[in-house]
Amino acid sequence: MTPQSQILLIPKIECGYVIDHIPAGLGIQVMALIGCHPELEAAVVTLGLNYKSTRMGRKDMIKLQTKSLPPRLLQMLALVSPGVTIKRIANYEVVEKVVIQVPELFDNLARCINPNCITNVEPHIGTRFKRLESGSRHFKCAHCERVCTLDELAGHLKA
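In this text, residue positions in the sequence shown follow our numbering: the first is 112, and each later residue adds one.
By construction, these hints were calculated from the structure, which means they are not laboratory data.
You may find that some hints are simply not true.
Pair by pair, the computed Cβ-Cβ distance ranges are [as the list claims (entries may be wrong)]:
#1 Y162 to P182: 34 to 42 Å
#2 G168 to P226: 19 to 27 Å
#3 L120 to E233: 15 to 23 Å
#4 L120 to V258: 38 to 46 Å
#5 D218 to P149: 16 to 24 Å
#6 E204 to P234: 42 to 50 Å
#7 Y162 to P214: 25 to 33 Å
#8 D218 to V155: 24 to 32 Å
Beta carbons are placed, not taken as given, at the ideal position from N, Cα and C, and that holds for glycine.
Construct the entire structure; sequences and hints are all you get.
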């Protein structure tokens, strides 16, 4: 089969966003994050799982037909699947492309893994996690100073 005769498995969208380069198997988790945002309730969403990728071997992909993405969703993506590519689509063309990186600081995105942390006892106190050092996947709670990994934080996301 030549590249010209290959069929698009997920059709192009006229306007919206593509969340690309999601590690295979995480697409469903990213869909759950999208479902937590009522502002995306009316968006048409297409999910593709386990596609071949020259860069990753296998990947998942999500297309959303919506005018904008909530900033909180992008922050959550940085926790769950850092390195995903967000492509903004207009008139069927990619007009902007951003790779989501892990920030140095997370505010109110995840619960602390320490059950005795004040943020788990007093729900009105917000959480804050700061990266230990540049490039590290370890973060420290600003309240109890418990160190946790990015994966542990991703497992404790606030809805």
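For each hint, the structure was consulted:
1. Checked against the hint of 34 to 42 Å, the pair Y162 and P182 fails, with Cβ atoms roughly 27 Å apart.
2. The hinted range of 19 to 27 Å is not satisfied by G168 and P226, whose Cβ atoms lie roughly 38 Å apart.
3. For L120 and E233, the hinted distance range of 15 to 23 Å is not satisfied, since their beta carbons lie about 48 Å from each other.
4. For L120 and V258, the Cβ-Cβ distance of about 42 Å falls inside the hinted range of 38 to 46 Å, so the restraint holds.
5. Look at D218 against P149: about 21 Å separates their beta carbons, and that is inside 16 to 24 Å.
6. Take E204 and P234: their Cβ atoms lie about 45 Å apart, and the range 42 to 50 Å holds.
7. A hinted range of 25 to 33 Å for the beta carbons of Y162 and P214 is consistent with their spacing of about 28 Å.
8. Taking 24 to 32 Å as the suggested C-beta distance range, the pair D218 and V155 conforms, at roughly 31 Å.
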